[in-house]
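Just so you know, the sequences run in chain order Z and X.
Quick note on numbering: the working numbering labels position 121 of the first sequence as 121, and the sequence is numbered without any gaps.
Quick note on numbering: the working numbering labels position 58 of the second sequence as 58, and the sequence is numbered without any gaps.
Just so you know, the hints here were simulated from the structure itself, not pulled from any lab data.
Some clues are possibly wrong.
As the list claims (entries may be wrong) - Far from chain Z, by Cβ distances over 12 angstroms, these chain X residues were calculated:
| hint | residue |
| --- | --- |
| 1 | Leu-66 |
| 2 | Arg-88 |
| 3 | Phe-130 |
| 4 | Arg-167 |
| 5 | Val-175 |
| 6 | Phe-229 |
| 7 | Val-233 |
Claimed, not checked - Straight-line distance between alpha carbons at most 25 angstroms, and here's what the computed SDA-like set of lysine to any residue pairs gives:
| hint | chain 1 | residue 1 | chain 2 | residue 2 |
| --- | --- | --- | --- | --- |
| 8 | X | Lys-16 | X | Ser-95 |
| 9 | X | Lys-16 | Z | Leu-170 |
| 10 | X | Lys-253 | X | Glu-90 |
| 11 | X | Lys-16 | X | Leu-37 |
| 12 | X | Lys-16 | X | Asn-5 |
| 13 | X | Lys-16 | Z | Val-96 |
| 14 | X | Lys-253 | X | Ile-237 |
| 15 | Z | Lys-255 | Z | Val-27 |
| 16 | X | Lys-253 | Z | Val-96 |
Note that the Cβ used here is the ideal one computed from N, Cα and C, for glycine as well.
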Amino acid sequence: MRGKEGFIGRAMSELERGLTTYSRYRVWLLTDLISWPFWTLFFFLSFLVYSPTLLSSQYHMNAFTWCFFVFVFVSSFMWSSTSLATSAQEGILEYVLLTGSSIRQHLLGRMVISFLDLAVGGSVLLLISALGFGTRLSIASPLLMALALIQAAAFFYLFSSILASLLVSLRSPWVVINVAQFLVPFTSGAIPIEVLPPEIQQAIIYSPFFYIVHPIIASATGVYYLPPKTIFLIGGLLTLSLYFLSRVLENLLLKRALRLGRFTFF
Amino acid sequence: MRSLNQLSGIVEAEFKVLRREAGIFLLIMSMPFMFSLLSYGVGIALTGGQAPPTLWFYQLIGFTVLVMAQVMSSSSAWYFRRGMMTGRLEYLLASPVSPLVAVFSSALANMAFNIAYFILVASIGVALVFGAQYLLNVLAVILFLGLALIPVVGFNLIVGVVTIIFREPEPVSNVINSIISSVSGFTYPLVLLPRFLQVVGTVLPYSHIVNTARDILSGAFQPASIYPFPFMVGYLILGVLVYRLGEVNYARKRGVHW
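Required output: the full structure, derived from the provided sequences and hints.
Listed below in structure tokens is the structure:
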């Protein structure tokens, strides 16, 4: 089926696939609920051991809570990109694409799991920060926070689909994701920019991820490094560029697959 | 004698597998540097450039032992998962090779891999922070880790049995790793934790391993600090007991097919 109805039908099937997969592995939900409080504790203390007095600074605790929230956010989305390699290895991808679906659509099924992971992990993180560390969580600009989260979800969905296309032929794509999930957020604005030295502040704005990650932290703390309009405009343009880039890469991948008989860029 | 032959044969096979995965070794080696430098960078930012390099070293060694702990528990979990998926575990239980010897051999190979990894990372850290004259201390750590990690094998046997019961290794290792990571004083002193978590951290073997390793490397080792290690042998005994109970009462009765 082609056209709008076909698109919606395939998207709904993918969403159903994601929800079914998640509900079959209920043990994941249980273990997430147990492990996230411990990881939260670990992250907080690993950073704040350098300056334990900040544990009593409400401003910094709030800022760092959102910093780790961004990490959970980025990590949840980035792990979905490994699912394409699994689909290719299991021989599913070829059949999915024969139905007229796209790689981006196929990843929707895995994105549902990312959203659920974020909902569980993010909520537990905020809860532990508030109850365990006594952080008074606050969002300086709730509207901008909502906008920043929507923009970040769109951006990292498209970024993950690009990453998935690039990593599709790797046997162990998790190796790349394991490193990238830390590097991307923590070098691009997840750490509140106002606590960084001026030289790093000036360098960090050259990272494209900054315009996606920084608005989340800045909406919570109220400290924007650049005017919000500029940041959201650049962030929006970057997201749009990623959309076109993901389409180009997907077409290239399919052309190569038809020529070589396997999904690979390398 | 037969068990020894089996042990050496399996260790050799495991080393061959490890040798094929050189890329993973490089990645694992880079992880403590990546994490500790990231944290140190934040530390510099938070303290206005006053973060001491010794604290970076503290976290470097902590992250290294943390990765070792995670590799050991995840490897055990995956050893059982792969064994179940491929049917190897079923054959292993039916063969004259003791499954315990097989699992123990696999853990020993992992232990040797981890010690090699620790030596490389620690040597760089020691040379950078304390100077090349302290590099001899790394040799003492090899002996220490060789003995101190044996009780951890018992811990991993428990992970293995739990994997057989739950069948999914990731959730099992994720919970265990999160608890071990946060309460063992890898990257911050235990005193920063709530009291009950300090107790959990002290009972587990890792805080003693990481603290003693740091002391040996920095030349601050006191013989008194090894007093908890004889008690840690309890983990090995407990691990073997739990494993045997799981094998006899669960695995052999219900099967270990996927």
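Cross-check of the supplied hints:
The claim that X:Leu-66 is not at the interface with chain Z is violated, since a C-beta of that chain comes within 12 angstroms of its own (minimum 9 angstroms). Every beta carbon of chain Z lies more than 12 angstroms from that of X:Arg-88, the smallest distance being close to 20 angstroms; the non-interface claim holds. Even its closest Cβ contact with chain Z, about 20 angstroms, leaves X:Phe-130 beyond 12 angstroms, as expected for a residue assigned away from the interface. A cut-off of 12 angstroms between C-beta atoms contradicts the statement that X:Arg-167 is not in contact with chain Z; the least separation is 9 angstroms.
Non-interface call for X:Val-175 relative to chain Z: violated, since the shortest CB-CB distance, roughly 5 angstroms, does not exceed 12 angstroms. Residue-level check passed: X:Phe-229 sits 25 angstroms from the nearest beta carbon of chain Z, beyond 12 angstroms. Once the 12 angstroms rule is applied to beta carbons, X:Val-233 is consistent with being away from chain Z; the minimum gap is 26 angstroms. Of the supplied pair hints, the one linking X:Lys-16 and X:Ser-95 holds, its CA atoms being roughly 22 angstroms apart against a limit of 25 angstroms.
Distance restraint check for X:Lys-16 and Z:Leu-170: the Cα-Cα separation of roughly 21 angstroms lies within the 25 angstroms cut-off, and the hinted pair is therefore satisfied. Between X:Lys-253 and X:Glu-90, the direct Cα distance comes to roughly 12 angstroms. Compliance with the 25 angstroms bound is thereby established for this hinted pair. Distance hint between X:Lys-16 and X:Leu-37 is unfulfilled; the C-alpha atoms sit about 32 angstroms from each other, more than 25 angstroms. Proximity of X:Lys-16 to X:Asn-5 is assessed by CA-CA distance (about 17 angstroms); at most 25 angstroms being required, the pair is judged to hold.
Restraint check for X:Lys-16 and Z:Val-96: the C-alpha separation of about 37 angstroms exceeds 25 angstroms, so the hint is violated. At roughly 23 angstroms between alpha-carbon atoms, X:Lys-253 and X:Ile-237 fall within 25 angstroms of each other, so this suggested pair holds. A hinted pair counts as satisfied when its Cα atoms are at most 25 angstroms apart, and Z:Lys-255 with Z:Val-27 does not qualify at roughly 40 angstroms. At most 25 angstroms may separate the alpha-carbon atoms for a hinted pair to count; X:Lys-253 and Z:Val-96 exceed this at roughly 41 angstroms.
In the structure shown, a violation is registered for the earlier hints numbered 1, 4, 5, 11, 13, 15 and 16, in ascending order.
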